[in-house]
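Chains as they are written, first to last, in my numbering: chain A, 1 to 471; chain B, 1 to 437.
These are computed hints drawn from the structure, not numbers from a lab.
Check each hint, because a few of them may be wrong.
As the list claims (entries may be wrong) - For lysine to aspartate or glutamate, the following EDC-like pairs were computed, each having C-alpha atoms within a straight-line distance of at most 20 Å:
(1) B/Lys428 with A/Asp20
(2) A/Lys218 with B/Glu32
(3) B/Lys3 with A/Asp61
(4) A/Lys215 with A/Asp158
(5) B/Lys59 with A/Glu80
(6) B/Lys362 with B/Glu431
(7) A/Lys215 with B/Glu33
(8) B/Lys344 with A/Glu23
(9) B/Lys347 with A/Glu22
(10) A/Lys422 with B/Glu348
(11) B/Lys318 with A/Asp158
(12) B/Lys147 with B/Glu192
(13) A/Lys55 with B/Asp296
(14) B/Lys194 with B/Glu164
(15) A/Lys333 with B/Asp40
(16) B/Lys344 with A/Asp187
(17) B/Lys362 with A/Asp20
(18) B/Lys298 with A/Asp20
(19) A/Lys8 with A/Asp42
(20) A/Lys215 with B/Glu32
(21) B/Lys363 with A/Asp183
(22) B/Lys13 with A/Asp426
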Amino acid sequence: MTIFELSKSGRTACPLQKRDVEEYKLDPKFLREADAMLPEVDELTLVRHYTALSKKAFGVDDGFYPLGSCTMKYNPKINEAAAALSGFTNIHPLQDQTQGALRLMWELSRDLCAITGMDMFTLQPAAGAHGEFTALLMIKAYHNSRNDHKRNKVIAPDSAHGTNPASAAMAGFEIINIPSSSDGLADLEALEKAVGEDTAAFMLTNPNTLGIFDKNIKKIADIVHKAGGLLYYDGANLNPIMGIIRPGDMGFDVVHLNLHKTFSAPHGGGGPGSGPVGCKKLLAEFLPWPTVEEDNGVYRFSKPHKSIGSVKAFYGNFLVLVKAFAYIKTLGKDGIRNSAKMSALNANYLMARLKEYFPCHSQDICMHEFVISCEELKQRTGVSALDLAKAMQDKGMHPPTMYFPLIVKEALMFEPTETESKETLDNAADIIIELCHEALNNPQSFHEKPLTTPIGRPDEVKAARFPILKG
Amino acid sequence: MAKYYPHTESDIKQMLSVIGIDSVDSLYAGLEELKAEDIDLAEGMGQQGCERYIDKLSKQNKVYSSIFLGAGAYNHYIPAVVRNLAGREEFLTAYTPYQPEISQGILQTIFEYQTMICNLCGMDLSNASVYDGATALAEGLLMLAEKGKNKVLFSEGINPKYLEVVKTYLRAQNVEIEYVGLDGSGKTSIEELKRKLDQNTFAVALAQPNFYGVIEDAQAVGEIVKQRGANYIMSCNPISLALLKTPDECGADVATGEGQPLGMPLSFGGPYLGFIAAKQKYMRKMVGRIVGKTTDSKGKEAYVLTLQAREQHIRREKASSSICSNQAHCALMATLYMAAMGKKGMKEVASQCVSKAHYLAKKMTALEGFELKYGGEFFNEFVIRSKISSDKIIAACREKDILAGLKLGENEILWCVTETNSVEDMDKLIEVLKEAM
Ligand SMILES: Cc1ncc(COP(=O)(O)O)c(C=O)c1O
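Go ahead and model the full structure; you've got the sequences and the hints to work with.
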């Protein structure tokens, strides 16, 4: 039942006070013909409806959530408390006397510079993809400022996340996808061939989407820079190296981070995130405005003089920044570095426990995540990655990322994160191994799964063919 | 030392032995050269220390007890029930509902959100949200792009901050922006629109109400746009839509806006909520996530992410947008807000905004040397020209713990009134202005 079906004419939970001034009636020619169809429910009905719906959702607080590439780590409660402070929630973006907020943004920028080895940050982008778009526009402005107008191509490996090529297209670039090498890394030969005087940038995440750290990174940087291009770091996979190995030291010129992944801000059912962009000095004058600067302990907004413009009306998803700030300040240097290491330890442990059962595409040692293929299992039993994922739901865990990266057939991508205990990982490994046995012995049973969830498998073909997009 | 991982020494030992290595550092073998020696990051404060520090920072921001500033961010009453339900961890700590079987709660709230936005706008479909009102307008404009045309007409009544964002997005696609100014009443000039609307224009963008609070003759604009065969996009304050003609009634193809007034606190500018709703024929061009209703294997009602062939994870560089994570939790807040206020309450909020804004405007213009800049009908914001300087007014207000409107010029201020401004607060503001004279 939807909230509309629970509605009854005349009901409302509206707690508004009575109007305390004379009524002003607008010219009727401006008014809508009929009232907007909105719910009509009392407060308790409202509470029960959405409480019931919340119970049909699954968050990190509900159980193991090894959704690869998404870094579903625990979202500390102190972050939420910090972001709920009146001094943050009740300040208007255009008001005066906001030194605390500006200082927070400035310190966060400095901390992110320290962690990534960059020189300057903007906190304006609202998510990773938004950060990609922003950074690519900066790259474009950089080349144009040097009268280098031929650089209209962005190169990305075929293992890249879909947002990479999509953002490049939005920024007005042509995209060259290069194949990965047989071990899943950037193919240096293919890269050499692809770069040239039309190369604007190469987009890469390291560790890559297979969870492998690409040790050739310096060579890659050389190839790209020699050709006159810039090297872009997709920070979605920063978690296992945060504070230990810095994109800036690897040769990257510009990075986006996902504060909702690496820096523990909650994912909110699909956002709001935050996708700050950091850059080396050569790109700083192109950053979107406003940026925050400090002068003798006074903080203020400023505009980089060749700014690409703004990418959001105000300064970014400020409350998400507060959450990431709380995380970094609580943990500090050692806490951040140790968290990174434990994320790699957890991923390697879970991988070690599953290795004999599935071909694994993440080398002997992975970073924060690893990818297994269910291709063989599917050939033998008919049980696919999807079937296996659905079966995991019945066991109380959130499935891993499915069918990504595209270069692995029947891929399942696990990212346990550092906040999970050995017991949780053991339990997950036991579940998956048991499912593997079940697939061999009783493959038919999978087609029905999941059985214990609020709904069974939905008919997605019907949803797309006969779209019902509102109630 | 503060930490959020649970590993004991013995856990680590056992895990390493299963992996087959002897130290955690071996996980980074071969990477020694790349490791940063030291980084310029302070040691952790721990939770207690961090709480104290952040609390201190929060107190260095001034929380005004009376707010008359809007200009794109609006101070509305947020019922406790909205904050409470939005805070439920299942909503907060989940991600995009990729696994529908265990995400029905999230999917259904998005479906309800889409329905409410469609009903407010009179549109056929809505997405699950974009980053904010400004990017909603920018992405909405790109949805309307047509081959062989490369110009949009942009009303000067649109929030200048939105313009900055739209410029950034459109420049990347080599789309030209031409401006349509306001007439004496503060409405977008119909004459100028007619003059500038040519064969090369694929879309016309209008704000309702506009940045200066004036209610646009959006239907008249719509008629002209249709006559000339262009597309029409509006950027609306969603609260105003409870009263005003819907974008559909005005002839719009796409309706966008900033959803912040629907239950989100001011929060120094974010997170807010961009909404985009459109007529049926733009279904395949819509950006971002969309939830649809279907059935499960047993015929039970079910919700799923749908029409994904538009999106980056399928279409990559050919996608309609690169958006992945959106503002889902803000959309949840908007859903809860609209459900709590309901059909009657939403209209009541809007009409209180109108009545109170007119009360204040009347009182202000009764003061000597204060007048309305524009003659047009307004919603909850209005521009006042005054003999005394804007700076003096703003400073006088500050002294009395009142956040004055936005300074537009030496003697012009954009004032905003919502249902949160009581008659006493408004009378007090008038007293402050009298004293300042
Ligand atoms: C590797 C990678 N890059 C980029 C993104 C895009 O980030 P966002 O969803 O914050 O826009 C993701 C998100 O899942 C990702 O996994």
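To see whether the hints hold, each was checked on the structure:
With a CA separation close to 15 Å, the supplied pair B/Lys428 and A/Asp20 stays within the 20 Å bound. Pair hint A/Lys218 plus B/Glu32 holds up; C-alpha atoms about 13 Å apart against a cutoff of 20 Å. Taken as a hint, the B/Lys3 and A/Asp61 pair is honoured in the structure, with Cα atoms around 17 Å apart against an allowance of 20 Å. About 18 Å separates the Cα atoms of A/Lys215 and A/Asp158, which keeps this hinted pair within 20 Å; it holds.
A hinted pair counts as satisfied when its Cα atoms are at most 20 Å apart, and B/Lys59 with A/Glu80 qualifies at roughly 17 Å. The suggested pairing of B/Lys362 with B/Glu431 holds, with an alpha-carbon distance near 14 Å, which does not exceed 20 Å. Between A/Lys215 and B/Glu33, the direct Cα distance comes to roughly 10 Å. Compliance with the 20 Å bound is thereby established for this hinted pair. A hinted pair counts as satisfied when its Cα atoms are at most 20 Å apart, and B/Lys344 with A/Glu23 qualifies at roughly 16 Å.
Taking the CA atoms of B/Lys347 and A/Glu22, the gap is near 16 Å; set against the 20 Å cutoff, the hint holds. Only pairs whose Cα atoms come within 20 Å are accepted, and A/Lys422 paired with B/Glu348 is rejected, the gap being roughly 54 Å. Of the supplied pair hints, the one linking B/Lys318 and A/Asp158 holds, its CA atoms being roughly 15 Å apart against a limit of 20 Å. A C-alpha spacing of about 25 Å is found between B/Lys147 and B/Glu192, which places the hinted pair above 20 Å, so the restraint is violated.
In summary, the hint linking A/Lys55 to B/Asp296 is supported, as the alpha carbons are separated by about 19 Å, within the 20 Å threshold. Distance hint between B/Lys194 and B/Glu164 is unfulfilled; the C-alpha atoms sit about 24 Å from each other, more than 20 Å. A distance of roughly 8 Å separates the Cα atoms of A/Lys333 and B/Asp40; the hinted pair therefore holds under the 20 Å criterion. Our distance criterion of 20 Å between C-alpha atoms is broken by B/Lys344 and A/Asp187, whose separation comes to about 62 Å.
At roughly 15 Å between alpha-carbon atoms, B/Lys362 and A/Asp20 fall within 20 Å of each other, so this suggested pair holds. Taking the CA atoms of B/Lys298 and A/Asp20, the gap is near 54 Å; set against the 20 Å cutoff, the hint is violated. Note on A/Lys8 and A/Asp42: the hinted pairing holds, with a Cα-Cα distance of about 9 Å set against a maximum of 20 Å. Distance restraint check for A/Lys215 and B/Glu32: the Cα-Cα separation of roughly 11 Å lies within the 20 Å cut-off, and the hinted pair is therefore satisfied.
Of the pairs offered as hints, the one joining B/Lys363 and A/Asp183 is violated, with about 74 Å between alpha carbons and a cut-off of 20 Å exceeded. Under the criterion of a C-alpha separation no larger than 20 Å, the hint pairing B/Lys13 with A/Asp426 is consistent with the structure, at around 15 Å.
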